[in-house]
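As a plain string of letters, each chain reads:
There are 4 protein chains.
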Amino acid sequence: MKHKLRMGMVGGGQGAFIGAVHRMAAALDGEIELVCGAFSSSPEKSKASGAELGLAPDRCYGTFKEMIQREKRLRPDRRMQFVSIVTPNHVHFAPAKMALENGFHVICDKPVAFSLKEAIALEKIVAKSELVFALTHNYTGYPMVKQARQMVRHGAFGQIRKVVVEYPQGWLSTHVEASGNKQASWRTDPSKSGIAGAMGDIGTHAENLAEYITGLKISELCADISTFVPGRLLDDDGNVLLRFEGGAKGILHASQISAGEENNLNIRVYGEKGGLEWRQMEPNSLVVRWLDKPVEIYRAGTPHLYPEALAAGRIPGGHPEGYLEAFANIYKNFAYCVRAHAEGRKPDPIHADFPTIQDGVRGMRFIEKVIASGKSKAKWVKLG
Amino acid sequence: MKHKLRMGMVGGGQGAFIGAVHRMAAALDGEIELVCGAFSSSPEKSKASGAELGLAPDRCYGTFKEMIQREKRLRPDRRMQFVSIVTPNHVHFAPAKMALENGFHVICDKPVAFSLKEAIALEKIVAKSELVFALTHNYTGYPMVKQARQMVRHGAFGQIRKVVVEYPQGWLSTHVEASGNKQASWRTDPSKSGIAGAMGDIGTHAENLAEYITGLKISELCADISTFVPGRLLDDDGNVLLRFEGGAKGILHASQISAGEENNLNIRVYGEKGGLEWRQMEPNSLVVRWLDKPVEIYRAGTPHLYPEALAAGRIPGGHPEGYLEAFANIYKNFAYCVRAHAEGRKPDPIHADFPTIQDGVRGMRFIEKVIASGKSKAKWVKLG
Amino acid sequence: MKHKLRMGMVGGGQGAFIGAVHRMAAALDGEIELVCGAFSSSPEKSKASGAELGLAPDRCYGTFKEMIQREKRLRPDRRMQFVSIVTPNHVHFAPAKMALENGFHVICDKPVAFSLKEAIALEKIVAKSELVFALTHNYTGYPMVKQARQMVRHGAFGQIRKVVVEYPQGWLSTHVEASGNKQASWRTDPSKSGIAGAMGDIGTHAENLAEYITGLKISELCADISTFVPGRLLDDDGNVLLRFEGGAKGILHASQISAGEENNLNIRVYGEKGGLEWRQMEPNSLVVRWLDKPVEIYRAGTPHLYPEALAAGRIPGGHPEGYLEAFANIYKNFAYCVRAHAEGRKPDPIHADFPTIQDGVRGMRFIEKVIASGKSKAKWVKLG
Amino acid sequence: MKHKLRMGMVGGGQGAFIGAVHRMAAALDGEIELVCGAFSSSPEKSKASGAELGLAPDRCYGTFKEMIQREKRLRPDRRMQFVSIVTPNHVHFAPAKMALENGFHVICDKPVAFSLKEAIALEKIVAKSELVFALTHNYTGYPMVKQARQMVRHGAFGQIRKVVVEYPQGWLSTHVEASGNKQASWRTDPSKSGIAGAMGDIGTHAENLAEYITGLKISELCADISTFVPGRLLDDDGNVLLRFEGGAKGILHASQISAGEENNLNIRVYGEKGGLEWRQMEPNSLVVRWLDKPVEIYRAGTPHLYPEALAAGRIPGGHPEGYLEAFANIYKNFAYCVRAHAEGRKPDPIHADFPTIQDGVRGMRFIEKVIASGKSKAKWVKLG
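These protein sequence lines are chains A, B, C and D, in that order.
Quick note on numbering: my numbering labels position 101 of the first sequence as 101, and the sequence is numbered without any gaps.
Numbers given in my numbering equal positions in the second sequence, counted from 1, plus 384.
Numbers given in my numbering equal positions in the third sequence, counted from 1, plus 768.
Numbers given in my numbering equal positions in the fourth sequence, counted from 1, plus 1152.
Because the hints were derived from the structure by calculation, they are not lab data.
The structure displayed is predicted, hence computed values, not measured ones.
It is possible that some hints are incorrect.
[As the list claims (entries may be wrong)] Below, a list of computed lysine to any residue pairs in the SDA-like style, where the Cα atoms sit at most 20 Å apart:
1. D:1197 with D:1187
2. C:1061 with A:43
3. B:386 with A:43
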C-alpha cells in the first residue's frame, strides 16, 4: 500500500493565486497530501485558510519557523515530508534554507530568490543537504516542451542557429497596483519582488524555457528595459538580444503592457535542418518545420513522441491538458524523486526531470544582468 | 474545518482509462477523497489496484455489492458518501440502483445504461431516492461551453436556426479490438456496450452537447449508420440529420474511423443575429460571429464571460485548462450539491449545473432512435 | 510572338460581381484580352460598361445574338475567339448554344443552366461542336485542391470511407432581396435562378468539389431543405446525407443563413490510412492526417506537391494566392486548351484540367435530386 | 472610352521571379498594358522574353537607354507612359534617373537603390521631375495593413508603446547561391545587392511595414547581424532593438536561415488600450485585442473596415485575396495617380496611397544604419 507524500505549504492563504495552483498541481495525481501550512503571516488567517482546506487547527501555523520546528517533532510517519514555498520572492530564501537544514525537501516558486546572492547561498545549502529541491518553472512541464527538448537533443534540426522566445502579457497595461490588485502590488514592489518586475516575473520563464529546450546557455545579452506605466516602480517591458554559447543568436522579449495579450509565452527554435514552434496558449501542439518536408504538427498524447513527452501526459491525444497538468508534472517528478531519495534509489532520468537550484541561480543571474544591461551603454553584457 | 467528501469507486482498476480520469477529476479541487473501491471483478486485482492508490486492503472490495453493504455498516463519518461508477455500460445500472437504494449519491459515466429501458427504470429510482445523481457528460463542464449556453439563453443570437455538431475520432480505423486493445474491445462488444458503438460512445456526447448549449430538444432524426471496419460488430460511423423542437435544423455526425482525427468534438450554432463555434481540442476559445460586427473570440478566464462560465474556471485567461479540468467541474458541482443535500440547502443554480439522469434517459433514447433510423427506410424517426 | 486570346463577354455590366471576377481572372496571366461584350440587355448600359473597360463602342453590343453574329463577320485575326458567359442562370443556355453553333469556344459560370433538361441539351451541343467548353467551378482551381485530388488518386489514404463537405455563408440571413440587393435578388428569384436557391448557388460547388477531390460519384442522397427567412421564395439552407459509388458515405451542407459566416467552403475526406482537410478561406494549406504519423501541413508553392498542384501556382510558398488566382487557373487552362485546339495539339492533362459540361450536367442533376429529396418522404433518392 | 496606361519594363526577362509578379500585378485590374521592355541586357533574350509576352520585336529593346530614347520618339498616344523597374538593386538608379529625366513616371522594386547616396540623389531627381514615383513595398498594399494603419491613426489603441515586426524566411538555410539558384545569387552578391543581404531584401520590408502601420519613425536601433551559412558574403539574419520617436520601443528581426519558414512577415503593435496582429501568410485577418473587450477578428472585404481598407479589396469577405492582389494595389494606386497627373487633378488620398521615394530613402538609411550597428560596439545607432 502506497502512501501519499505529506506536504507542508508556506504562503498561499486565502486570495492567493499561485498557492491554489500549487495545491491543485500537487493533488492531481493522488501522490501528495497537504498536511500542514503556514499560509499567512497572520496566525488567524493561516488557521482560517487551513480550515477551508480541511486541515486541523494544530497543523496550521503562524510562521514557517513554527511549522518547521513543530513538524520536525512529529512522528516520522505523520510529519510533513517536504515544504512547498509559494510566497512572494522576498520570502523564498529563509524558509527554503530552514527547511533544508532541518531535513525537509523543498519545492519553491520562481524566481528562486530575491537576489542572485541569495540564490548562490541557497545553491550551497541544497548541495550540502543532499535533499531534493525543485523550482516550479512550470512551463517545462508541458509534454510538447519535453518533445521539443528531445528533438533538439537528438539532433533533429542539426546545430541550432536562432532562438526567438516571447512572453507578452497585458494585465499591467494600467496602474492596477494603485487600485488594490494584490497580484500586481507585490510584483511591482521592489521590496518584495527584487530589482526586476516583468523581467523577473516572466522574463525568467522565457530564459528558462529557451535554455531547457535548446540545451544551450545564454552567454551574453543586450537589453532595452522599459517602464511604460507612469508611477510604476519596476520594469514592465523588456526587449533583449541574446547570444548563446556555441554561436546561436536569439531574441527574448517579455512584457506586461502588451495590451490584450493573456499569457502568450511562446518559442521558436531554428537549426540547420528545420525548426520548431511552441505556444503555451495552445500547448498540446508542437509545430515542426523542415527544409525538405511538409510542416508537421506533433500532438500531445500521440504515439509519435519521445518517451519523455509521453511520460508527461495523462490522457490520449485530443483530450487537451493544460497549465495545471504541466504544473502537476513538476510535482509528480519531484514526488518521484523524493520517494527515490527515501528508498535510496537512483531516479530514472525520465522522471528526474524538473528545474533545480541551478536553474534558479541562472534565473537570478539573468535578472541581474538583464537589468544591468538595460542601464548600460555598452552593447553586450556577459551572463557568466 | 471542512472535510473532504468520501468517494467509493466501482470499476477503474489497473489499466483502465476512464477510471483514472475520474480519480484525477475528483482529486483536483481538494474536495473529494477516494476512500474505497470495487475496482475489479477479481478481488485480487481490486486490492492491488486499491493498494496502488493508497487504500487500505479492507476498503478494497471484490464486488460493488460487497462495497455497498460493508461501507453502509461503517461509522457515518467514515463511510463513503457517494459512489462513482466507471465500468463499461452493462455494469452501470446495477451498482447505481443498489447505491441509491442504500442511501449513497451516485456519479456515473455515460451513457447512463445499457438500454433505454434500464435508463427509464433508473430515472424512477433516482427520483424516489431524492439523492444526487450526476452523469459525466464531461464536455458540458468546459467554461466556454457554459458561456455558449448562456449566450444562447440570453438571446444573443436570436432564434436558433441551425446546429452542426461533429465528433470525429480515428482510433478505430482498423480492427484494433481484434488485437487486444481493451478500450476498443468492450466498446465494440454488443454484450457490454449495448446496441450502439460509436453512436453510444461519442454520438451521445454530441447529442448532449447540442441540447445543452442550445436548450433545444431534438424532435426527429434521420440517420445513416455504418460499420466500415470488416469484422466489427457495432457501428463505427454515423451521419444524422436533426430537427429540433421549434424549427431549428441540424446535423450530427460521429465517427471512430475518421482516420487521423484525435478527439475532435465541435459544434456550431447559428441564430438570426449571429452564431458560435466551439472546438473541444482548443477548448478555451469560443468563436462568436455576428451579422453586423467583427468576429469575436471569447476566452476562458477573462472578465467578459457570464458568471456560469467564470465559475467553471480556476486560473486566469491564457493559462489553458483542459479535459481534466472540465471533467473536474462535473465532480466539483456534484460535490457542491452533495454537501447542499447534507446541509438541507437549496443549491445555487450556478453550481447545480451538471448532467442528470434526465440527460441520461435522453441519451439512451437518442441511441435507440438513431440505430433504429439507421435500419429504417422511413426518412424521419421521432425522438419522442 | 504570342498573341493574346480574344474574349467576348455576355453579361457582367456595371455593378455586377461575378463579371468583374471573370475579367480579372482572364487578365491575370496575360493570356487573354477582352475585345467585345454584350454586357447588358440595355444597349446603352452595354456601351457604357464597355467604355469603362476600354472597349471601342462598335465592339459593345446590345445582345449576345448581335455580338455573335457581328463578331463572326470580323476578320479571323480580329474577331473574338471565345465567349465568357457571366449572366444569371436563366441566360446561360441560349448564348452558350449560339456561340458553340457559330464556332466559338465557351466558358460559362455555374450552374451550367436553368434546368437539368437544358444542361443535357447543352451537353449534346458541346459534343457536336468539338469546341472547348469550361464551367467555372472555380474552387477546383486552387493548388491545394489539386494536391488533395492527386493524393487521393495516388492512393495515399487507401479507400475513401467518409466525406464531409460544407458551404456555410451568412449573407442571406435577413430578407435582403427585399431591399434592393442585386446579388440576392436574382439568386432568390425562381424565374432567374431555377428551382434551387442556396443548393444551386453554392450547394453545387460543394458537390463538385467533393467529386473532384475524391474522384467518386454521389450515388444517392437524402436531403432536408429549408427556407428560414420569411418571404423568401427559394431554399436558403440544406443538410444532405450522401452515399457514393463504392460505399463511401458523406455529408454535404450548404447554407446562406449561417449568420456571420463569410464564404466558408471546406471539405474533409477520410480513407483507410489517413485523411485530408481543406478550407477555402485559408486555401494555401492542406491538412493531412495519418493513422501512424504526425499531422502534416502541405503548403501551396512548396516543392512537396504533385505537378498538378505546382502548375496551379504562380509564386513561392508563403506568398498567398487566393480566389482570383484559383479562378484564373480555370481561365489559364481553358486558354491553353483553346490554343491546343487551334493548333490541333492534344493538350497535356496537367493543363487540360477544368470543369466541363459533364460537371455541369452532374451539378444540375444534383440540384434536381436534392430539391426532390427535400420534398420526399422516402429516405434515399438516387442521383443516377 | 478609357484607355489602358502603357507600361515599359526594365528587367524581368525569362526566369525572373519578381518581373512576372509585376506584370501580373499590373494586368489584374485591366488598367495597364505592357507595351515594351528592356527585359534583359542581352538583346536576344530581351526579344525572346518580349515575344513570349506578346510584344512586337520593335518594342523589345536591348537596353533601358535604348528603350527610353526610342519610346520618347513615338507618338504620344503610342509610347509608354511609365517605366517599371524590376532589376536587381544595382540597376535601379540609372534607369529611374533616365526615365524621370525624360518625362516618364516610374514604379520601382525595392530597395530603391544600391546605396543611401543613390537614394538621396534619386529623391532630388523625383522632386525636380514632378512625376509620379512609386516603390513596391507591396506588403503595404494589403487591405488589412491599411485597416491596421487607420485604426492606429484614429487612436483606437491610444499611444503606441511596443512594436514587434518579424520577417523569417528559411530558403537561404544552405549555400544555395553556390548551386545556381538565381534568386539567391544576386541577393547574396555585394556587387548587385549592396552592403546588406537579408536586411536589405526583407529587413526593409519589415521596417517599412512598421512605420507605415504605426505612423512612427524609428529613431535609433541596436543590431546583431549574422551570417550563418559558411561562404556567404552578406548577412542572412539580423536581430534588432528599435526605439521610435515619441517613446515606443520595438523589435525587428529578419532572417533567411529560419529553416522551414516560408515568407512569414508579421507584425504586432501594442498601445495603451489594445493592440493588433497581422500575418502576411494569412493576410485577410487582422487580430485586434483590447484591454476590456473580447478579441476581435477584422476580415478583409467586410463592412466593418475603414474606407482605405475597403478600397484595397476587390471581392467580398471570405474570398481570399493574396500577395498578387496586394501588389496590384500598388499598381492600381500608382496608375490612378499617373492618370490624375495627366489630367491635372489632385488625387484623392485614399488612392494616392503607395510607398514613395521618401520611403525608399528611409529604407536605404535603415540598411546603412543596421549594418553599421551590427559592426559597432556602441549600443545605439541613430537612424537620423
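**OP:** Give me the numbers of the hints this structure contradicts, sorted from smallest to largest.
**Re:** 2
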